[in-house]
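Asker: Sequence:
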Amino acid sequence: GIDRARKIGVAEIDQLDLMQNAVLNFLEYAGAEKTRLDQMQKAVLNILDDLAGEMGERTRLEERFRGLLESAPDAIVIVDEAGRMVLVNAQTEALFGYARAELVGQVIEMLLPERSRGRHPQHRQRYDAAPSVRPMGSGLDLFGLRKDGSEFPAEILLGPLKTDEGTLVSAA
Numbered sequence: 008g009i010d011r012a013r014k015i016g017v018a019e020i021d022q023l024d025l026m027q028n029a030v031l032n033f034l035e036y037a038g039a040e041k042t043r044l045d046q047m048q049k050a051v052l053n054i055l056d057d058l059a060g061e062m063g064e065r066t067r068l069e070e071r072f073r074g075l076l077e078s079a080p081d082a083i084v085i086v087d088e089a090g091r092m093v094l095v096n097a098q099t100e101a102l103f104g105y106a107r108a109e110l111v112g113q114v115i116e117m118l119l120p121e122r123s124r125g126r127h128p129q130h131r132q133r134y135d136a137a138p139s140v141r142p143m144g145s146g147l148d149l150f151g152l153r154k155d156g157s158e159f160p161a162e163i164l165l166g167p168l169k170t171d172e173g174t175l176v177s178a179a
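Residues 8 to 179 (the numbering used here) are what the sequence shown spells out, left to right.
Everything labelled a hint here was simulated from the structure, so no lab data went into it.
One thing to keep in mind: the hints can contain errors.
What the hints assert, rightly or not - Listed next, with one range per pair, are the computed distances between beta-carbon atoms:
| # | residue 1 | residue 2 | range |
| --- | --- | --- | --- |
| 1 | Glu158 | Gly60 | 46 to 52 Å |
| 2 | Val93 | Val140 | 15 to 21 Å |
| 3 | Gln132 | Ala79 | 40 to 46 Å |
| 4 | Gly144 | Glu88 | 45 to 51 Å |
| 5 | Asp135 | Gly104 | 27 to 33 Å |
| 6 | Arg141 | Arg71 | 36 to 42 Å |
| 7 | Lys169 | Arg133 | 25 to 31 Å |
| 8 | Ala106 | Ser145 | 37 to 43 Å |
| 9 | Arg67 | Leu147 | 16 to 22 Å |
| 10 | Tyr134 | Glu64 | 39 to 45 Å |
| 11 | Ser145 | Pro120 | 32 to 38 Å |
| 12 | Lys169 | Gly104 | 17 to 23 Å |
Just so it is clear, CB atoms sit at the ideal spot from N, CA and C, and this is done for glycine as well.
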């Protein structure tokens, strides 16, 4: 009986030792994982802080750009490669009689008299092939068309704007 009890006791002690070692190994592994997770969390937080800083700077730059655009004394329209207005300023609204929401997303030709609309997309394509800062329609009489149907003579200066989305054209 005593030998048997000793054997059972030794087996239980061996089992306890194995369990203790397993728990210690698990805790050590869990601690290393926690440290690794903490390091990863710190890295992600640093990246988010950097992005927030960059976004804040971008927001400040966008606000400055919009401020300059809105304070410009001339009507300014920015058009994408498809000829759609992506940005207009307050002077454009006042000059043409449209609300900004009525202009953005529409083709620029809506601001031209009917007699000029047919040829204008070809002129845009030629400009897109060799964009530069220059007057539009040099030597031609140009006219804009207001919402109320009235026309007015216009002098227009074009300028390309290179962006990640492609080349935009500003017309003032």
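Asker: Now look at each hint and say whether the structure bears it out.
Answerer: We went through each hint and held it up to the structure:
1. Glu158 x Gly60: 46 to 52 Å: Given range 46 to 52 Å: holds, Cβ gap about 49 Å.
2. Val93 x Val140: 15 to 21 Å: holds, 19 Å
3. Gln132 x Ala79: 40 to 46 Å: violated, 27 Å
4. Gly144 x Glu88: 45 to 51 Å: At 20 Å between Cβs, range violated.
5. Asp135 x Gly104: 27 to 33 Å: 28 Å Cβ-Cβ, so the 27 to 33 Å window holds.
6. Arg141 x Arg71: 36 to 42 Å: The hinted range 36 to 42 Å is violated for Arg141 and Arg71, with Cβ atoms some 26 Å apart.
7. Lys169 x Arg133: 25 to 31 Å: Given a distance of about 18 Å, which is not inside 25 to 31 Å, the answer is violated.
8. Ala106 x Ser145: 37 to 43 Å: Violated: the Cβ-Cβ distance is about 32 Å, outside 37 to 43 Å.
9. Arg67 x Leu147: 16 to 22 Å: Since the Cβ atoms of Arg67 and Leu147 sit about 40 Å apart, the hinted range of 16 to 22 Å is violated.
10. Tyr134 x Glu64: 39 to 45 Å: Because 32 Å falls outside the window, the suggested range is violated.
11. Ser145 x Pro120: 32 to 38 Å: Violated, since Ser145 and Pro120 (Cβ atoms, about 19 Å apart) do not stay within the stated range.
12. Lys169 x Gly104: 17 to 23 Å: violated, 32 Å
When the structure is compared with the earlier hints, violations turn up for hints 3, 4, 6, 7, 8, 9, 10, 11, 12 and for no others.
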